[in-house]
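Based on the sequences and whatever the hints tell you, model everything.
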Amino acid sequence: MAAQGLDDEAASRWCGWLDGRLEAACVGEWNAEVLDLSSNKLTAAGLGLILWLLLHYHVQCDAVRLSSNLLDDNALWELTRFVIKQREATTALYLSDNQISAYGLFWLLAATANHTLYPLWSSGSFVPLWVELEGNNLPDDALEELFASSRYRVQPIQQAIHKQARWNK
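Count the sequence shown with the numbering used here and you get residues 1 to 169, in order.
Just so you know, the hints here were simulated from the structure itself, not pulled from any lab data. Where hints are given, some of them may not hold.
Pairwise CB distance ranges, derived in the manner of DEER restraints [what the hints assert, rightly or not]:
1. Ala142 - Asn114: 21 to 29 Å
2. Asp19 - Glu144: 16 to 24 Å
3. Arg21 - Ala148: 44 to 52 Å
4. Ser125 - Gln4: 33 to 41 Å
5. Ala148 - Leu18: 39 to 47 Å
6. Gly135 - Ala63: 29 to 37 Å
7. Tyr103 - Val127: 35 to 43 Å
8. Ala45 - Tyr103: 16 to 24 Å
9. Asp141 - Trp30: 36 to 44 Å
10. Asn137 - Ala113: 20 to 28 Å
11. Thr116 - Ala3: 30 to 38 Å
12. Leu143 - Trp121: 21 to 29 Å
13. Pro139 - Asn114: 24 to 32 Å
Quantities reported herein were computed from a predicted structural model and do not represent experimental measurements. Idealized CB from N, CA, C, for every residue including glycine.
Structure (structure tokens):
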């Protein structure tokens, strides 16, 4: 689905189409090595629809490519909930050339840092979650300020993520 001009309206139509196909297949769990939605026009709304559908049908995504969309911190919130609801660790997130700020990045890092799947243990060593973020709204001073600030704590973020009723199984 990369570079298909997919916007939120098209994402909604695609989800309707895919929902029928996945429901008819009725397989318990699916694996997608790479979910590639890069170089489209998705915002948080369209991305949220797609990710909800994938969670609903237990689709595991090892890597998610979302570079060059219109994604902001709200989209990263949707992606964070998707990542922490996976049955296995996601190994890579490609988010370059979007509109993500240090605040959105902090949500992702805090949620994964407190999740039992991360860091992934494989072949006798830890495998980090690769997050590619070039071309976003992430100046070094904003990152330093955010992570040094005591008002951003991990526990309240983790609790807020888990309270989202529509993402509960």
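Pairwise beta carbon distance, Arg21 to Ala148, judged against the given window 44 to 52 Å: holds (48 Å)
Pairwise beta carbon distance, Tyr103 to Val127, judged against the given window 35 to 43 Å: Once the Cβ atoms are compared, 26 Å apart, the range 35 to 43 Å for Val127 and Tyr103 is violated.
Outcome of range test on Cβ distance (Asn137, Ala113; 20 to 28 Å): Once the Cβ atoms are compared, 22 Å apart, the range 20 to 28 Å for Ala113 and Asn137 holds.
Range agreement (Cβ of Ala3 with Cβ of Thr116, hint 30 to 38 Å): Given about 35 Å between the Cβ atoms, the range holds.
Range hint compliance [Cβ, Pro139 to Asn114, 24 to 32 Å]: holds (26 Å)
C-beta pair Asp141, Trp30: status relative to the range 36 to 44 Å that was hinted: holds (42 Å)
Whether the CB-CB distance between Leu143 and Trp121 falls inside 21 to 29 Å: For Trp121 against Leu143, whose Cβ atoms are near 27 Å apart, the range 21 to 29 Å holds.
Beta-carbon spacing of Ala142 to Asn114 - inside the hinted bounds 21 to 29 Å or not: At roughly 22 Å between Cβ atoms, Asn114 and Ala142 fall inside 21 to 29 Å, so the hint holds.
Range hint compliance [Cβ, Ala45 to Tyr103, 16 to 24 Å]: The hint (16 to 24 Å, Cβ to Cβ) holds, given that Ala45 and Tyr103 are roughly 19 Å apart.
Range agreement (Cβ of Glu144 with Cβ of Asp19, hint 16 to 24 Å): violated (43 Å)
Leu18 and Ala148 - C-beta distance against the hinted 39 to 47 Å: holds (43 Å)
Range agreement (Cβ of Ala63 with Cβ of Gly135, hint 29 to 37 Å): violated (18 Å)
Hint check: violations occur at hints 2, 6 and 7; the rest are consistent with the structure.
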